[in-house]
Amino acid sequence: MPDKVRGRVFAFEFALLTLTQSISIYWAGAAQDWLGWDVRLVTLSMGGLGTAVALLWLIFVWQVRHKPFVRYG
Numbered sequence: 002m003p004d005k006v007r008g009r010v011f012a013f014e015f016a017l018l019t020l021t022q023s024i025s026i027y028w029a030g031a032a033q034d035w036l037g038w039d040v041r042l043v044t045l046s047m048g049g050l051g052t053a054v055a056l057l058w059l060i061f062v063w064q065v066r067h068k069p070f071v072r073y074g
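Each number in the numbering used here corresponds to the 1-based position in the sequence shown with 1 added.
It should be emphasised that the hints constitute simulated quantities derived from the structure, not laboratory data.
Please note that the accuracy of each hint is not assured.
Said to hold, decoys possible - Quick list of the computed label-pair ranges, beta carbon to beta carbon:
| id | residue 1 | residue 2 | range |
| --- | --- | --- | --- |
| 1 | D4 | L59 | 40 to 48 Å |
| 2 | W28 | Y73 | 34 to 42 Å |
| 3 | Y73 | A12 | 33 to 41 Å |
| 4 | R72 | L17 | 43 to 51 Å |
| 5 | S23 | T52 | 27 to 35 Å |
| 6 | G49 | D4 | 36 to 44 Å |
| 7 | I26 | L59 | 21 to 29 Å |
| 8 | L45 | P69 | 26 to 34 Å |
Remember, predicted model here, so these are calculated numbers, not experimental data.
For glycine and all other residues, C-beta sits at the position ideal for the given N, C-alpha and C.
Construct the complete structure from the given sequences, taking the supplied hints into account.
See below:
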């Protein structure tokens, strides 16, 4: 990655991290207040979501790893 864009990429990554944290905190509060879920159920739902995302990421990495690398340009 070129040095001239590296800072922008890391700033964008950090912005997405902050957005993700805000959404998860909002979901936890909304699930407790509006749905009446207890802390354990909210924790299980967030853990299930995290596990699903991790499995999708592993499938993606597995598929990309077994394809030949083609450099364009």
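Hint by hint, here is what the structure shows:
1. Distance hint check for D4 and L59: the Cβ-Cβ separation is about 31 Å, which falls outside the suggested range of 40 to 48 Å.
2. Separated by about 39 Å at the C-beta atoms, W28 and Y73 satisfy the suggested range of 34 to 42 Å.
3. A C-beta distance of roughly 26 Å is found between Y73 and A12, which places it outside the suggested range of 33 to 41 Å.
4. In this structure, R72 and L17 break the distance hint of 43 to 51 Å, their C-beta atoms being roughly 26 Å apart.
5. Checking the proposed 27 to 35 Å range against S23 and T52 shows it is violated: the Cβ atoms sit about 21 Å from each other.
6. The hinted window of 36 to 44 Å between G49 and D4 holds, with their beta carbons roughly 40 Å apart.
7. Distance hint check for I26 and L59: the Cβ-Cβ separation is about 26 Å, which falls inside the suggested range of 21 to 29 Å.
8. Between L45 and P69 the beta carbon distance is about 41 Å. The supplied range of 26 to 34 Å is therefore violated.
Of the numbered hints stated above, those contradicted by the structure are hints 1, 3, 4, 5 and 8, listed in ascending order.
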